[in-house]
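**Q** As you go down the protein sequences, you meet chains S and D in turn. Just so you know, our numbering puts 631 at position 72 of the first sequence, and the rest follows in order with no gaps. Just so you know, our numbering puts 641 at position 82 of the second sequence, and the rest follows in order with no gaps.
Derived by calculation from the structure, the hints in this document are not laboratory data. Possibly wrong hints are sitting among the right ones.
Copies of the same chain look alike in the list, so a pair counts if it fits in one copy or across any two.
[Stated by the list, open to error] With a cut-off of at most 20 Å between alpha-carbon atoms, the simulated SDA-like pairs for lysine to any residue come out as follows:
{"#": "1", "residue 1": "Lys872", "residue 2": "Gly664"}
{"#": "2", "residue 1": "Lys872", "residue 2": "Pro628"}
{"#": "3", "residue 1": "Lys687", "residue 2": "Gln806"}
{"#": "4", "residue 1": "Lys687", "residue 2": "Pro607"}
{"#": "5", "residue 1": "Lys889", "residue 2": "Gly824"}
{"#": "6", "residue 1": "Lys687", "residue 2": "Gly774"}
{"#": "7", "residue 1": "Lys889", "residue 2": "Ile825"}
Protein chains: 2
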Amino acid sequence: MKTPFADQFIAAKHGAGGPAMRALIGSVFLADVEDSEVLAMDDGAAIPFGDQWLVVTTDAHVVHPVFFPGGDIGRLSVCGVVNDLAMMGACDVLALTSSVILEEGFSIELLRRIHASTQQACREAGAKILAGDTKVMGRGEVDQIVLSTTGIGVTRRVIRGGGLQPGDAVVITGTLGDHGLAVLSARHSLGLQGDLLSDVAPLNGLIRQVLLAGGAGIHALKDPTRGGVTAALSEMAERAGVAIVLQQQALPMSDAGRAASELLGIDPLSVANEGKALIGVHPDQLQAVLQALHSHPLGQAAAHIGQVHASEKPALLIDTGFGQRRLFEKDAEPLPRIC
Amino acid sequence: MKTPFADQFIAAKHGAGGPAMRALIGSVFLADVEDSEVLAMDDGAAIPFGDQWLVVTTDAHVVHPVFFPGGDIGRLSVCGVVNDLAMMGACDVLALTSSVILEEGFSIELLRRIHASTQQACREAGAKILAGDTKVMGRGEVDQIVLSTTGIGVTRRVIRGGGLQPGDAVVITGTLGDHGLAVLSARHSLGLQGDLLSDVAPLNGLIRQVLLAGGAGIHALKDPTRGGVTAALSEMAERAGVAIVLQQQALPMSDAGRAASELLGIDPLSVANEGKALIGVHPDQLQAVLQALHSHPLGQAAAHIGQVHASEKPALLIDTGFGQRRLFEKDAEPLPRIC
């Protein structure tokens with residue numbers, strides 16, 4: 560990062576998926592990493608294995624509340640890693656592992672419900688949990704349940720979040736912010752649950768269709784989870800050394816999501832999604848990709864939302880219809896324990 | 560398990576590595592698992608991949624205190640999964656992943672020390688952490704730090720904990736109980752730290768030598784972690800449908816371990832080890848295996864501790880020199896958060 564790392568204690572921002580988290584990771588965890596044989600990616604790694612790549616990713620899930628409109632921590636724990644694999648091009652999931660950390664006194668009936676939802680998400684993704692671990696901490700030593708999941712996938716071609724090229728179209732596969740807004744609404748009992756549902760879903764089936772339709776024209780993939788679209792596109796622009804200009808009018812939102820974001824005063828571009836992907840695609844393949852998306856149940860609201868431009872400085876901008884302004888990632892955590 | 564699962568709430572015993580944990584896993588997590596292509600193992604899974612097996616295992620680490628004589632949670636998080644892979648015959652580690660769950664306010668200086676120790680253990684194991692995740696929970700929502708690690712290894716031959724055959728010799732690679740006793744001593748500030756050190760170490764190098772020396776004569780491997788030697792051998796006997804008779808006089812213990820277990824009144828056979836393996840070996844290969852163990856720094860105190868016998872009922876027995884008695888696994892947690 561630009562400034563030396565001076566923080567002495569962990570703060571919520573260090574888990575927020577933004578610049579503070581990347582600074583912590585760069586300063587502490589990646590200070591000594593180098594391996595030319597391995598592609599260290601945005602959300603995982605790709606390891607050469609025979610004539611394919613083995614893709615590996617891991618995620619801990621600490622969402623609060625554990626059950627929220629449209630999903631729960633079990634479904635989230637599967638979709639989170641399946642989607643990270645898919646974003647690297649690995650739509651075939653070889654194996655998942657799941658570590659379960661439980662607070663003493665947690666209800667076994669709730670655990671069964673979480674497991675059933677986990678298995679349902681696995682079926683949707685064509686994935687299986689093949690290894691697990693169970694740990695119990697005392698009352699007050701962990702808040703209810705934490706699930707840590709690792710995914711292993713295979714692919715012949717690795718896609719990178721930083722692969723954007725000038726001229727590319729930027730596509731999002733559906734409406735913005737539904738996960739974060741649904742979790743927040745449930746957490747604060749805002750009574751918005753009626754139509755407002757988390758979008759948490761496994762995207763590997765959808766991305767498989769996108770890769771078939773777009774072929775080598777698919778230059779970059781990333782799922783806008785923590786920090787939302789703003790964080791994901793800022794990181795993509797930074798890595799590719801390009802500018803991205805979004806069209807505000809083109810951003811798809813559900814009616815319930817729009818209402819909730821206005822009521823809560825939260826920018827839907829900065830809120831986590833758990834069933835959406837951002838796609839950087841060569842203009843020649845744009846229409847084929849949009850057609851593939853619209854013919855899939857999870858891509859109905861897909862839209863072409865922006866363009867990639869050559870730029871001396873990486874930047875993310877939004878065209879509001881009255882001019883362009885820059886969007887900046889938030890350093891602090893807007894929504895703790897959103898995933 | 561023998562009785563239907565009637566517990567309604569999570570208790571410490573459900574994380575203890577014994578019968579209660581296996582009952583929970585069987586009742587909740589494995590109720591719907593079946594896959595003939597995959598070997599679901601004691602501590603992981605083996606997936607056919609080309610002409611090899613991809614071996615996968617996962618572990619969450621919640622040890623308290625985070626630093627203990629001889630190690631810390633970072634070293635433990637690497638050794639735990641590297642050893643589980645080695646016990647399945649996968650001494651070559653393809654990748655590790657690490658999820659870090661931090662309590663707000665945790666010291667970044669301590670995090671750096673934990674990371675340095677993690678990297679040291681990786682170097683000893685010839686392994687690398689290739690993907691990670693960082694989550695932050697609020698104060699009081701998690702106790703300091705939890706590390707969840709997944710390991711991926713490759714092997715041409717998968718070894719099973721349940722592969723014991725009548726006539727096999729049972730070997731342990733070193734002294735009993737040092738990890739559990741060192742953690743307990745540190746937790747209760749017993750001042751025994753002088754000579755009493757956790758044995759936490761990566762065993763893949765040692766097991767590679769054992770497999771070279773013993774070849775197809777190596778029938779079973781298991782590391783006696785939670786629940787100690789009693790839990791590990793009970794499970795091995797159960798799975799193989801055999802009886803195991805241990806010779807009490809042959810059990811190797813460090814002087815500090817023996818003193819601590821007597822002072823604390825804790826059976827060293829029931830205490831966790833984090834750098835030891837139990838080996839079931841055909842008698843024809845026993846001497847070669849013991850020689851290989853004794854010529855490795857981690858196998859100096861290796862000993863032939865028992866024999867496997869055909870039996871109508873699986874059982875673990877100990878010959879005290881004055882007769883034989885049965886050993887039983889503990890259902891409840893003798894030592895919570897030992898790993």
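**Q** Hints numbered earlier in the text: which of these fail when held up against the supplied structure?
**A** 1, 2, 3 and 6
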